[in-house]
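The whole structure should be built from the sequences, with the hints applied where relevant.
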Amino acid sequence: MADIEKDSHHIIRYPKLVMVWVFLLLLTGLTVWVSRLDLGVLHVWGSLAIAVMKAFLVIAFFMHMRYEGRLLRGLLLLTLVTLAIFIGFTFFDLSYR
Amino acid sequence: MIRKMEKEYAGAKLGIWLFLFTEILLFGGLFLLYATYLSSYPREFAIAGREMHLGFGTANTILLITSSLFAAMSVTAVQQGEIRKVLNLLGATIICAMIFLVNKYFEWSSEIGHGFYPDSPRFSAGPIGEALFFSLYYLTTGLHGFHVLAGVGLLTVVALKVRRGAIHAGDYVLLENSALYWHLVDLIWIFIFPLYYLVL
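Read top to bottom, the protein sequences are chains A and B.
Start counting the first sequence at 1; every next residue gets the next number (this note's numbering).
Start counting the second sequence at 98; every next residue gets the next number (this note's numbering).
Note that these hints are calculated values from the structure, not bench results.
For clarity, every value in this text was computed on a predicted model and none was experimentally measured.
All residues carry an ideal CB built from backbone N, CA and C; glycine is no exception.
Among the hints, a few may not be true.
Within a straight-line C-alpha distance of at most 30 Å, the following computed DSS-like cross-link-like pairs (lysine-lysine) qualify [claimed, not checked]:
1) B/Lys182 <-> B/Lys104
2) A/Lys16 <-> B/Lys104
3) B/Lys201 <-> B/Lys101
4) B/Lys182 <-> B/Lys258
5) B/Lys201 <-> B/Lys182
6) B/Lys110 <-> B/Lys182
7) A/Lys16 <-> B/Lys110
8) B/Lys258 <-> B/Lys110
9) B/Lys258 <-> B/Lys104
10) A/Lys16 <-> B/Lys258
11) A/Lys16 <-> B/Lys182
Chain A regions said to be covered by chain B (calculated; three or more residues, Cβ under 8 Å) [to be verified]:
12) 15-23
13) 47-56
So this is what it looks like as structure tokens:
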């Protein structure tokens, strides 16, 4: 199942992609199951944690980010940090009003 | 010549990713709105959230994840020069997207039929939090729906180009970038699904 390198382009083999898909389906099942449990506010954090895991799988494998260079990875990080700052700072404001 | 092609390829990839980052921030703004309204109206959000159809949400999640798999496989197929397979996979991606939109139509029809729409008699009489939940729900899933529609258009153009031979194993950046756009549509849904269908 080793992937292939061709002129700096990374080719991901079909079985690996199918495996990522299976994991995504399992996580979807898990998140629906968790939502039925009586966990209170943990629901929100549990569901978000599973969503982040799914997002990681999609970005890393389906979107080939695992095989990209420093520039794209750095920009992705910058975007996520920006998003975290504007959500985080809004909540600093909201929580201490 | 090879070096110049490589630079063009890297530039095209950088371009699509920059666009995708702006999309993440756009939907990020809507998720921020959701989070702030949820913290201000937790009880109303919980009541409104119970009206959502989990079945539609789950079916559409599975459809988008599967369509994303087909899109990712189509990139592998074009890299290996399997043109017939590329066309089949793109077709399968587009069919999943269409079924997603048909589901959306039935889901929204049912909700509107139950009196959940902005400025409906039910919302004008009730507390503001429930109306806010549904306004935000229609805005977010509606904008996402437009992205699905745009993705269908884009993937159709790409499929036609593949058939004409304009996209092939030696030059496939347009297919790869369209697949990236499609994965983003999936990615946004991965967050819409728990927020609107599960956590409340």
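### Task
Assess, step by step, whether the Cα of A/Lys16 is no farther than 30 Å from the Cα of B/Lys182, and give holds or violated.
Holds, at about 17 Å.
### Message
Holds or violated: B/Lys258 and B/Lys110, Cα atoms, limit 30 Å.
### Response
holds, 19 Å
### Message
Does B/Lys104 sit within 30 Å of B/Lys182, going by the straight-line distance between their CA atoms?
### Response
holds, 28 Å
### Message
Check the hint pairing B/Lys110 with B/Lys182 against an upper bound of 30 Å on the C-alpha distance.
### Response
holds, 23 Å
### Task
Assess, step by step, whether the Cα of A/Lys16 is no farther than 30 Å from the Cα of B/Lys258, and give holds or violated.
holds, 27 Å
### Task
Measure nothing beyond the straight line between the CA atoms of A/Lys16 and B/Lys110; if it is 30 Å or shorter, mark the hint as holding.
Answer holds: A/Lys16 to B/Lys110 is near 22 Å, not above 30 Å.
### Restraint check for B/Lys201 with B/Lys182, where alpha carbons must lie at most 30 Å apart
At roughly 29 Å apart (the allowed maximum being 30 Å), B/Lys182 and B/Lys201 satisfy the hint.
### Query
Taking 30 Å as the top limit, are the C-alpha atoms of B/Lys201 and B/Lys101 close enough?
With a Cα-Cα distance of about 44 Å, the restraint between B/Lys201 and B/Lys101 is violated, given a limit of 30 Å.
### Given coverage of the region 15-23 of chain A by chain B, tested with a Cβ cutoff of 8 Å and a minimum of 3 residues
holds (count 4)
### Query
Three or more residues of the region 47-56 of chain A near chain B by CB distance under 8 Å?
holds (count 6)
#### Entry: Pair hint A/Lys16 and B/Lys104, alpha-carbon separation not exceeding 30 Å
holds, 28 Å
### Message
Holds or violated: B/Lys258 and B/Lys104, Cα atoms, limit 30 Å.
### Response
Roughly 22 Å between the alpha carbons, so the hint for B/Lys258 and B/Lys104 holds.
Checked against the numbered hints given earlier, this structure breaks only hint 3.
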